[in-house]
Amino acid sequence: MSSTDISINKDVHHAHEEHDHHHDQNFFEKYIFSQDHKVIAKQFLFAGIFWGFVGGFLSVIFRLQLGWPEATFTFLEPILGGWIVNGKLDPEFYLALVTMHGTIMVFFVLTAGLSGTFSNFLIPLQIGARDMASGFMNMLSFWIFFMASVVMFISLFLSTGPAGGGWTVYPPLSALPQAISGSGTGMTLWLVSMALFIVSQLLGGVNYITTVINLRTKGMSMTKLPLTIWAFFLTAILGLLSFPVLFSAALLLIFDRSFGTSFYLSDIYIAGEALSNTGGSAILFQHLFWFLGHPEVYIVILPTFGIVSEVIATNSRKPIFGYRAMIGSLLGISLLSFVVWAHHMFVTGMNPFLGSVFMFLTLIIAVPSAVKVFNWLATLWRGNIRFTAAMMFAIAFVSLFISGGLTGIILGNSSLDIMLHDTYFVIAHFHLVMGAAAFFGMFCGIYHWFPKMFGRMMDEKLGYVHFWFTFLSAYLVFMPMHYLGIAGFPRRYYSWTGFNAFNMFADMNSFISIAAILGFTAQIIFLFNFVYSIFKGRRATANPWHSNTLEWTTPVNPGHGNWPGEIPTVYRWPYDYSKPGAVEDYIPQHVPFSQTQSSNLPHERDLE
Amino acid sequence: MITFAIGLSIVLLLVILFLMFRIGTLASIFRGSSQRAAGTTKTSNKVNGVLLLLFLIVGGVVFAWSFSDSWDQMNQPLASVHGAWTDELFWITMVVIGIVFVITQILLFFYSYKYQHKDDKRAYYYPHNNKLEIVWTMIPAVVMALLVFAGWKTWSNITSAAPEDSVVIEVMGKQFSWLVRYPGADGKLGEANVQYIDATNEMGVNFSDPNSMDDFMPREIHVPKGKPVLLKIRSRDVIHSVFLPHFRLKMDAVPGMPTKFWFVPSKTTAEMRSETGNPEFNYELACTEICGRGHFAMRYILVVDEPEEYEEWMAAQSPFIEQNPQLLTKFATDSKNQVVLEKSAEEVKTEL
Chain W
37 MSSTDISINK
47 DVHHAHEEHD
57 HHHDQNFFEK
67 YIFSQDHKVI
77 AKQFLFAGIF
87 WGFVGGFLSV
97 IFRLQLGWPE
107 ATFTFLEPIL
117 GGWIVNGKLD
127 PEFYLALVTM
137 HGTIMVFFVL
147 TAGLSGTFSN
157 FLIPLQIGAR
167 DMASGFMNML
177 SFWIFFMASV
187 VMFISLFLST
197 GPAGGGWTVY
207 PPLSALPQAI
217 SGSGTGMTLW
227 LVSMALFIVS
237 QLLGGVNYIT
247 TVINLRTKGM
257 SMTKLPLTIW
267 AFFLTAILGL
277 LSFPVLFSAA
287 LLLIFDRSFG
297 TSFYLSDIYI
307 AGEALSNTGG
317 SAILFQHLFW
327 FLGHPEVYIV
337 ILPTFGIVSE
347 VIATNSRKPI
357 FGYRAMIGSL
367 LGISLLSFVV
377 WAHHMFVTGM
387 NPFLGSVFMF
397 LTLIIAVPSA
407 VKVFNWLATL
417 WRGNIRFTAA
427 MMFAIAFVSL
437 FISGGLTGII
447 LGNSSLDIML
457 HDTYFVIAHF
467 HLVMGAAAFF
477 GMFCGIYHWF
487 PKMFGRMMDE
497 KLGYVHFWFT
507 FLSAYLVFMP
517 MHYLGIAGFP
527 RRYYSWTGFN
537 AFNMFADMNS
547 FISIAAILGF
557 TAQIIFLFNF
567 VYSIFKGRRA
577 TANPWHSNTL
587 EWTTPVNPGH
597 GNWPGEIPTV
607 YRWPYDYSKP
617 GAVEDYIPQH
627 VPFSQTQSSN
637 LPHERDLE
Chain H
252 MITFAIGLSI
262 VLLLVILFLM
272 FRIGTLASIF
282 RGSSQRAAGT
292 TKTSNKVNGV
302 LLLLFLIVGG
312 VVFAWSFSDS
322 WDQMNQPLAS
332 VHGAWTDELF
342 WITMVVIGIV
352 FVITQILLFF
362 YSYKYQHKDD
372 KRAYYYPHNN
382 KLEIVWTMIP
392 AVVMALLVFA
402 GWKTWSNITS
412 AAPEDSVVIE
422 VMGKQFSWLV
432 RYPGADGKLG
442 EANVQYIDAT
452 NEMGVNFSDP
462 NSMDDFMPRE
472 IHVPKGKPVL
482 LKIRSRDVIH
492 SVFLPHFRLK
502 MDAVPGMPTK
512 FWFVPSKTTA
522 EMRSETGNPE
532 FNYELACTEI
542 CGRGHFAMRY
552 ILVVDEPEEY
562 EEWMAAQSPF
572 IEQNPQLLTK
582 FATDSKNQVV
592 LEKSAEEVKT
602 EL
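Chains as they are written, first to last, in our numbering: chain W, 37 to 644; chain H, 252 to 603.
For the record, the hints were derived by calculation from the structure and aren't laboratory data. Every residue, glycine too, gets a C-beta built ideally from N, C-alpha and C. You may find that some hints are simply not true.
To be verified - Which residues of chain W face chain H? A few of them, derived with a C-beta cut under 7 Å, are:
| no. | residue |
| --- | --- |
| 1 | 123 |
| 2 | 127 |
| 3 | 206 |
| 4 | 273 |
| 5 | 305 |
| 6 | 385 |
| 7 | 386 |
| 8 | 402 |
| 9 | 403 |
| 10 | 445 |
| 11 | 452 |
| 12 | 530 |
| 13 | 578 |
| 14 | 580 |
Said to hold, decoys possible - Below 20 Å or equal to it, Euclidean Cα-Cα: the simulated SDA-like pairs (lysine to any residue) are:
| no. | chain 1 | residue 1 | chain 2 | residue 2 |
| --- | --- | --- | --- | --- |
| 15 | W | 497 | H | 511 |
| 16 | H | 372 | W | 582 |
| 17 | H | 478 | H | 417 |
| 18 | W | 260 | H | 379 |
| 19 | H | 511 | W | 317 |
| 20 | W | 124 | W | 542 |
| 21 | W | 260 | H | 380 |
| 22 | H | 369 | W | 622 |
| 23 | H | 297 | W | 504 |
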């Protein structure tokens, strides 16, 4: 009985008292198997950065191959060993590289690294909660993700190579080890890792949703939440509804691979024998995969919508324009994201009528996305913009999101997709809109909340250098890819020189590779700045950006339980920047209207 | 020795960069700029603002130049009727999104530059304007509706049923090449099943079916100009995708699920050779769905003939079974026990 009492007390009122009694946490409780959301967020962040460098490095290797298809890469032998045959990259290893690059970036960096970091870190701090609803589940979420990471990392070192059937792992290629060597043990480990990953995501997601619904501080109604929280909340719901579908798809694939079932396999003759599988549908997997896969790209991009909205409002010193429209468009995008999956499948032989339906639904998504862009622009208009490093990334995010998003209007059109499907046009589109943009959103978040995470500032000047190199190379890499795509260059090609139709643009490919290497190198500046600033950065003040949200009311280094005393009560929305009549150009959320009589608007007078 | 020298110079470079970084930090402390609120330092703001504006202008010019410079290369020569529709729709859509692209990017960078921080200024408190929101929701909605309508019309034309008199060709993907079969004089493809595949009979044709007797399997695809051509597509191992870039045609080859695509070629290979000035020009078939080690090398030639030439070519082909008569004896003995069992399934399969 007593244990129940303690946990209740801890979660509600006396957390700071509890905290006082528990100063004797040992190293493992505090930093390794911690249940504190802030530590877990940092664990996700470090893991995400690690995976980001791995994924980026893989892309540099395959960009070398694509940029200089005739060159020999004997100098890579010390790293890649047997994957270099006579100075040439093994074609199956090339496919494994693109597969792992996609898997790592989409799932391990931009899902776990992004949501894991910022949902964990910001949800309790911005809604005014001591911690997540279940600290223990939160800890499990990270450690199961860690296990998934270990399994995926081990698969990189298999002699038969990691999974090589593309990050979408379409069967039969991914189901038959005879078809590609990566579909042997590599694919098994991929499936095990992803199954663990999904469990981790669900544990995290349930926590985020519960926390946002139940643990908001006094006065924090849903319409006073910062947009970050709305974005994390909807992201978690998307994940909770779509990841189980990927789980079932993976489960059926495991059955087909190991137990002789025929969910996805039918009429196959391979390696000199006809298989007995019959009646399965390879397309079924694609439907299941993309039922997750499409919400997944919004799982990647929604959190950055929230982060960027918050950073743009703070640093423009203006309320976010159309707060309710921003929430509405988030809701609209979330809802629509579930009914557009088959636009990835226009040319799979799916019934053309379905193609028409999905084209219609897909192009509707452009409307809420456009509203978001217009609202960001309107927020910048007549602002008093502070170019912090975070703000630079936020502005660039909008630019990249526009550039990449617009081509979605083309790809969502089934008749145009016939030519462009699986070409570099698609690569350019999604790398801009959910790759580069999401990375920029993530950097934006890191630069902005670094002072709250580590109590120190990152170096702004190095931040600018990092920003400009990254921004420049993002455009230099992905804009020319549109040209290749319009010419029909197919993706996942080891080289194009065998085709007369694709023998141009050799210089362009070298150029893209050089830009990609530049972009990757620039990340070392970030890494240095990040690590250096954790230990030696300038000490942060409690509210360095003059921001309104609740996390800046905590001490510089918030302890377990976040606020030493009472959790502040919330009186107003988080965007009272530059309110006419106010002394400062920001009024934090916990300041009651009675203290700001000079700036209150007519409808706020009643609240004084 | 050289590696050592390179290593040393890299280390030196890093040391110099680090020292520059430290000096910069210390200088900013002396200047007192570290006392100001983050993002309000004058020089940093000015530099970043100007750079943003420069990025817009220089970036825009470079993009426009490289786009027009690559124009000829990015436009693959066009050789099908429906390709003209999709190309037109593509460039119309590109113009529409291009306009939006230019306007929004200019506003984004220009606003960022113009409204950069000034000490004596205060931002304009402007939380919402419902009229504006409605306007900029409706405009994209209307534009989208028009694009959806145009796309839907084109799509239903392209995916409509193939005309009765289409030339039928079966294309089968395998790791890592394409196999092609023509129905021969009777215009009917004989039934096929993976269970019949062996080293000779790579497409798994059932040669006890009378329709198979005149089927032939050429080394190149030949199609007549100006006539509808129906591709019946299947795969025998993993998913492949038939991609004919010059015909703006793409359709996956899925094991266990036959697919199809019909098109009308509008230019012969000879015409295209003189038009592009390249006597070596050939229409090519490529694979666009990842299928394994040789994915990038699944090349096959397609030739568009004048109708008369096509007829001549057809007449010169000899049925597959005539070239491989030993298959007949195999089917005579095998057919009784196998075909009866699987007949019903195959009928469904070969019907498209």
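Tested hints:
1. A hinted interface residue such as residue 123/W counts as satisfied when its beta carbon comes closer than 7 Å to some beta carbon of chain H; here the least separation is about 18 Å, so the hint is violated.
2. Interface restraint check for residue 127/W: the shortest CB-CB distance to chain H comes to about 5 Å, inside 7 Å, so the restraint holds.
3. Given the 7 Å rule on beta carbons, the hint for residue 206/W holds: about 6 Å separates it from the nearest Cβ of chain H.
4. Against a cut-off of 7 Å between C-beta atoms, the interface hint on residue 273/W is violated, since the closest Cβ of chain H lies about 23 Å away.
5. Hint status for residue 305/W relative to chain H: holds, with the closest Cβ pair at about 4 Å, below 7 Å.
6. Annotation: interface hint on residue 385/W holds; nearest CB of chain H at approximately 3 Å, less than 7 Å.
7. Look at residue 386/W: its Cβ only gets to about 9 Å from chain H, farther than 7 Å, so that hint breaks.
8. For residue 402/W, the interface hint holds, since its Cβ comes within 7 Å of a Cβ in chain H; the closest pair sits about 5 Å apart.
9. About 5 Å separates the beta-carbon of residue 403/W from the nearest beta-carbon of chain H, less than 7 Å, and the hint is met.
10. For residue 445/W, the interface hint holds, since its Cβ comes within 7 Å of a Cβ in chain H; the closest pair sits about 6 Å apart.
11. A cut of 7 Å between beta carbons decides the hint on residue 452/W: the least distance to chain H is about 5 Å, and the hint holds.
12. Interface restraint check for residue 530/W: the shortest CB-CB distance to chain H comes to about 4 Å, inside 7 Å, so the restraint holds.
13. A least Cβ separation of about 13 Å between residue 578/W and chain H goes past the 7 Å threshold, and the interface hint is therefore violated.
14. Interface restraint check: residue 580/W against chain H, minimum CB-CB distance 5 Å, threshold 7 Å, status holds.
15. The suggested pairing of residue 497/W with residue 511/H is violated, with an alpha-carbon distance near 58 Å, which exceeds 20 Å.
16. Among the hinted pairs, residue 372/H with residue 582/W is consistent with the structure: their alpha-carbon atoms are about 16 Å apart, no more than 20 Å.
17. Restraint check for residue 478/H and residue 417/H: satisfied, since their Cα atoms lie roughly 7 Å apart, inside the 20 Å limit.
18. Restraint check: the Cα-Cα separation between residue 260/W and residue 379/H comes to about 15 Å, which is no more than 20 Å; the hinted pair holds.
19. Between residue 511/H and residue 317/W the CA atoms are separated by roughly 17 Å; this keeps the pair inside 20 Å, and the hint holds.
20. About 18 Å separates the Cα atoms of residue 124/W and residue 542/W, which keeps this hinted pair within 20 Å; it holds.
21. Pair hint residue 260/W plus residue 380/H holds up; C-alpha atoms about 18 Å apart against a cutoff of 20 Å.
22. For the hint pairing residue 369/H with residue 622/W, the CA-to-CA distance comes to about 16 Å; that is within 20 Å, so the pair holds.
23. For the hint linking residue 297/H to residue 504/W, the alpha-carbon distance of about 15 Å falls within 20 Å, and the restraint holds.
Checked against the numbered hints above, the structure violates hints 1, 4, 7, 13, 15; every other hint is satisfied.
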